[in-house]
Amino acid sequence: MIAKDWSLFDLNKYIKFILVLPITLLQTSCMVGPNFHSPVPPKVKKFTEKTLPAKTVSTPGAGGQAQKFLADKDIPLLWWELYHSPELNQLIRMGLSNSPNLAAASAALREAQENLKVQIGNSMWPAIDATQSVQRQRYAGVQIGLPTDSQTFNLVYTYFNLSYTLDVFGGARRQIEALKAQVDYQQFQVMAAYLTLTSNIVTTSVAMASFQAQINATLDLIKAEQGLLNILNKQYRLGAVSRENVLTQETLLQQTKATLPPLQKSLSQAKHTLTTLVGTFPEVSLPVIHLDSLHLPTELPISLPSNLVRQRPDVRAAEALLHQACAQIGVATANLFPQFTINANEGWLNTSFANLFTKRHEVWALTGQVVQPLFHGGALMAQRRSAVAAYQQTAAQYRQTVLQAFQNVADVLTGIEVDARTLQAQIRAENAARAALNLTSKQYRLGGVSYINLLNAQQQYQQTRITRIQAQALRYSDTAALFQALGGGWWHKPWCVKECL
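Okay, so the sequence shown: first residue is 1 according to full-length UniProt numbering, each after it adds one.
Any given hint could turn out to be false.
Unchecked claim - When the alpha-carbon atoms are kept at most 25 Å apart in a straight line, the in silico BS3-like pairs for lysine-lysine are as follows:
#: 1; residue 1: LYS117; residue 2: LYS180
#: 2; residue 1: LYS50; residue 2: LYS73
#: 3; residue 1: LYS55; residue 2: LYS73
#: 4; residue 1: LYS223; residue 2: LYS257
#: 5; residue 1: LYS50; residue 2: LYS68
#: 6; residue 1: LYS180; residue 2: LYS493
#: 7; residue 1: LYS73; residue 2: LYS46
#: 8; residue 1: LYS73; residue 2: LYS45
#: 9; residue 1: LYS234; residue 2: LYS223
#: 10; residue 1: LYS46; residue 2: LYS68
None of these hints come from the bench; they were simulated from the model. Quantities reported herein were computed from a predicted structural model and do not represent experimental measurements.
Could you build all of it, start to finish, from the sequences and the hints given here?
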């Protein structure tokens, strides 16, 4: 009986109206405010003032290979695997799995995505709610002008409410556009966190390997200087050398030993940094990487300068903020125009549940409302001017980000070319110092040179060996810096379609 009397025909009309209305309005309404267009890439033909050589110089020895600059080669996603280090690969896997910074960036992205869904649901579709009300009341007849006794009765009210604000001037759609840009921003923040994490793990691992190699070199020097001191003590007891020579060698030995604690401190601090990067605590043992076990990538992909702004996560994030600021101008502009709202109610009212859902007990109301801002003390225009100023500020920040990106690439490219020449000179200097020390040591034992000559040869060899290790490590770390400066190949991720670039 209830099903027969229920106003299904009217409800179906409402449902069709609800579904068709948003689509119809989107087709007929406009969107005030500027439409965003990606900034034109800077017209730059090369990264540095001077043209880079086709490849760097090469030198025999670990880390001395020539590196070719290839303009037509893309950056691999797992670029760190070019170092051919299983230990380094393991550390990066640990970091990607455990890093709190990466987890926080991913959570911020999910938050932005859900906020976008909230805005779409609230502004692009009607809000429909159902209400069930049961009320018992008593009133006197004199309240309505009738000389009757007081009456007690029930009121049962069931109704549906529909409310929809028409997006005639596009304010809601501009707000959705802004939130989509916020999603893009957070997505590129995830990529930036990913790139920063992997790059920092590589450079910190190289730093640890460098400190350990310098410690090993210092220990070798201490051993050699201790051996020479033992010889001098024997010669002193035989009267062959003076006490001054023994004390001078003792001084050199202690000076060399004094360089060891700072290196050990730097190694410990680098290890603590690395444990933080991989998301664990300093007490945990990490894989050990030896400097000479690292392979220097010999083919370096160099992007076209015009592509850099599409590859760098920080530049893409700055562009997303610019898009968001542009959309906010549209939101502020739409607030100057009328707001149209439709409210509809349909339900049933009776004194009991019996026969509630019948045509005779049906009630409904349909309301249309237009609100036109007339006077707000200049607040709405000020709000729009504020949005325009915010856009101009973001545009300036975007340009600054682009300039810094090109500076970063130029610095790294220059550094890589200089690093190769520096290592070449340091290896040659170390070889010469080693040969001079061996020759001077033989001559000293034969009495051909003074102890001062031997002392100078020792000091030169110590200095050249340490600086060679530092120059070798710099080639590895600056290569990682280049991959980071060029964007790190994030666009090869499975979720990234061609539109990423």
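Status of the hints after comparison with the structure:
Taken as a hint, the LYS117 and LYS180 pair is honoured in the structure, with Cα atoms around 10 Å apart against an allowance of 25 Å. Annotation: proposed proximity of LYS50 to LYS73 holds, straight-line Cα distance about 21 Å (limit 25 Å). Taking the CA atoms of LYS55 and LYS73, the gap is near 14 Å; set against the 25 Å cutoff, the hint holds. Distance check on the hinted pair: LYS223 and LYS257 sit about 10 Å apart at the alpha-carbon level, within 25 Å; holds.
As the CA atoms of LYS50 and LYS68 are separated by approximately 16 Å, the hinted pair is consistent with the 25 Å bound. For a cut-off of 25 Å, the pair hint linking LYS180 to LYS493 stands: about 20 Å separates their Cα positions. Between the alpha carbons of LYS73 and LYS46 the distance comes to roughly 16 Å, so the proposed pair stays at or under 25 Å and holds. Distance check on the hinted pair: LYS73 and LYS45 sit about 17 Å apart at the alpha-carbon level, within 25 Å; holds.
The hinted pair formed by LYS234 and LYS223 meets the criterion: a straight-line CA distance of about 17 Å does not exceed 25 Å. With a C-alpha separation of about 16 Å, the suggested pairing of LYS46 with LYS68 holds against the 25 Å cut-off.
In the structure shown, no violation is registered for any of the earlier numbered hints.
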